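One letter stands for each residue in the lines below.
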Amino acid sequence: MKKSYLKLVWSVWALFLFVNSAIAQSLNWTGYVRNYVGMLSSKTNEFNIIQNTLNLNLEHSKDKVAFKVNPYIYQYPSQEMEIGLREAYMDIYFSSMDVRIGKQQIIWGKADGVFITDIVSPKDLSEFLLRDFNEIRMGVTAVKADYYLGNNTFELVWAPAFTSTQMPDQSSIWFPKMDFPVVPVFDYSQNQIDASLENSEIFAKFSALTSAVDFEIMGGAMWDDEPTTHITKTINPETMQLSGLTLTPQHHQLSLAGGSFSATLGGFVLRGEGAFYSGKYFNSDNPTLADATIERNYLHYLIGADYTLWDVKLSSQFIQQTILDHDEYIQNDEFENTMTILASKDFLRETLRLELFSYIGLNHSDALIRPKVVYNLADGFELLLGANIFVGSEGNFGQYDKNDMIYTKIKYSF
Amino acid sequence: MKTKLLPLVLGLVISSQSALTFAQEKITGLQIIENVYSRPTGTDSQGDLTMSLINAQGDQRVREIKQFIKDFGDSEKKIMFFVSPADVRNTSFMNWSYDEEDKDDDQWIYLPALKKTKRISSDSKSDYFMGSDFTYDDLGDRHPSDDTHKLLREETVDDEACYVVESIPKDEEYMYSRTVTWILKDKWIGLKKEFYDEDGELLKTLTVKKYEKISGYWTILHSEMLNVQKNHSTKMELTNLKIDSGISNDTFTERIMKRGL
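For the protein sequence lines, the chains are A and B, in the order given. According to our numbering, the first sequence is numbered sequentially starting from 1232. According to our numbering, the second sequence is numbered sequentially starting from 925.
To be clear, the hints were calculated from the coordinates, so they are not data collected in a lab. Be aware that a few hints might be false.
If the Cβ cut is set under 10 Å, some of the chain B residues that face chain A in the computed set are [unchecked claim]:
#1 ARG987
#2 GLN991
#3 PRO1009
#4 VAL1012
#5 ILE1167
Okay, derived cross-link-like pairs now, DSSO-like style, lysine-lysine, Cα gap no bigger than 27 Å in a straight line [as the list claims (entries may be wrong)]:
#6 B:LYS1040 to A:LYS1293
#7 B:LYS990 to B:LYS1133
#8 B:LYS1049 to B:LYS950
#9 B:LYS1040 to A:LYS1642
#10 A:LYS1603 to B:LYS990
#11 A:LYS1544 to B:LYS1027
Cβ-Cβ distance ranges computed for the label pairs, FRET-style [claimed, not checked]:
#12 A:LEU1478 to B:GLU988: 51 to 57 Å
#13 A:LEU1585 to B:LEU1035: 36 to 42 Å
#14 A:TYR1419 to B:SER976: 44 to 50 Å
#15 B:SER1169 to A:LYS1293: 19 to 25 Å
Note that the coordinates shown come from a computational prediction; the quantities given were computed from them, not determined experimentally. Every residue, glycine too, gets a C-beta built ideally from N, C-alpha and C.
Modelling step: build the complete structure from the supplied sequences, incorporating the hints.
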């Protein structure tokens, strides 16, 4: 970011603050300031992240209208500052309907830490899955209408412009591991989706909250938030050997239908979620394919339970992805099985919390284990010490085996 | 309204026009507790709840909640919005409880950081509410049939005539081995309650500090729970109370949990 641009941003911001001082009494200001330091536990003991964050929620409402703006700033000592708007929307309230217009995070489904029917808001994976979930979710510019009938809700979302998942930079330690016989060249020319009516996304959901069970039924016609990498090979005509690879990330249109539920059974809360995806492109090693991709439908589903045992809150989920009409060349397994486990316990009148969360990849015996200790020094002031431990050598988590880290977060909410 | 919420702490208490149909000398411990449990109250109520958590060193932490309660005949619905501290602001909690004896409460919590409404189990009634000295069960409604009740004696407390009733849980695994409650004879509210732990030692004492008649209902406005073993306490104050104000049924929905008021 150029300095002049920074000055402009700060000037606009200062002006914004000044103007708002006039209505400050009715403007609701909340947010947090946070310091986040992470150190790789490899032999270099390198600080892989030193970040200072300001996150603001500015809200104002009248009888039938409201707005919210959520600017954030990530400041790094040796990187460019990141400034953005996580959300910026307006609400209009009718007697049985709400309409939200603007950039917004839209969260669906009953799963924790897993994205099955939760596909409206793309993800910021620039730090893999390590950011807080409200930071992983990216706002999507959309019109959302909710029609209410008691505790039943019909929701319709129209997103005129596609927003892609934020992938890690190629130089990042979180860039997915790729093994190629030659150094590939990336071609990002196909990575953009022009904003047009034809390219817009639409989602619909019916949800009900009842005494017996909560459930959602949903569907969508969308773009795949995560691009598929199309691979073009260049063969040296003289040696007939591979001389070059061009990787072209490309988004494809997807349609999906699914649902989720949660219900109590004794002391347990049972949760389930599943979706059928049509139009997904997977990478394939089939030599007859020109760009090493093949279209297949797939199913993605989970079953989970939450329960408390000896004052320890426990939660576990089993997740499976099944590729239909699978063949031996498709790089993904036909069945990919993952588990999550969460255990947490509060001490000292809920001022101290010990927590352990883990993703476990069952196909590759890999895992991400995330223990943490959180202490509330004062109301709204939180000290966190945690670790991210990657186990295994391959798979979604094992590929980051060298990225084990310990970190601290000091956060003041206001 | 069936009084599910805070029967001894914040309960909205009607004076005893229906009071005792029993001759005073014949009343039993069970009848006294049933009178407390089944007394009629208003149809709905709303107010601001402030909990002050005080530790052994005298340090204080404050939690502020806005709450709404409504009787729906065979069920009672409650919704709470957390106002402070800042890190839980806009979190909301909804509870539906039922007259049906074996039917568990339904509970949901809306977490603004996750933008998600989660169904939670109501099974952990022995958990402490927001780090206070009140368990969910202390704040909720315990059915008279869950305990065996015995009228121990009659006493005068602060110039008020009280029944003193001992209640012993039928479930031997319950967190309290017994409780002793001082109940005002003419108002059917608990003025004081002692909680004994599994070893029979005094664990906590609940004391009502202030009660008034609001909109025709006796209402406890200020109470204090003292953990005598750990020497920390929780003060609970109810302000801006409105009774029978005509809260809409639509208040007790996921829509309002997410949007707030």
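Against the structure, the hints:
no.	hint	result
1	ARG987	holds, 8 Å
2	GLN991	violated, 19 Å
3	PRO1009	holds, 4 Å
4	VAL1012	holds, 9 Å
5	ILE1167	violated, 25 Å
6	B:LYS1040 to A:LYS1293	holds, 24 Å
7	B:LYS990 to B:LYS1133	holds, 21 Å
8	B:LYS1049 to B:LYS950	violated, 33 Å
9	B:LYS1040 to A:LYS1642	holds, 22 Å
10	A:LYS1603 to B:LYS990	violated, 31 Å
11	A:LYS1544 to B:LYS1027	holds, 23 Å
12	A:LEU1478 to B:GLU988: 51 to 57 Å	holds, 54 Å
13	A:LEU1585 to B:LEU1035: 36 to 42 Å	violated, 19 Å
14	A:TYR1419 to B:SER976: 44 to 50 Å	violated, 57 Å
15	B:SER1169 to A:LYS1293: 19 to 25 Å	holds, 22 Å
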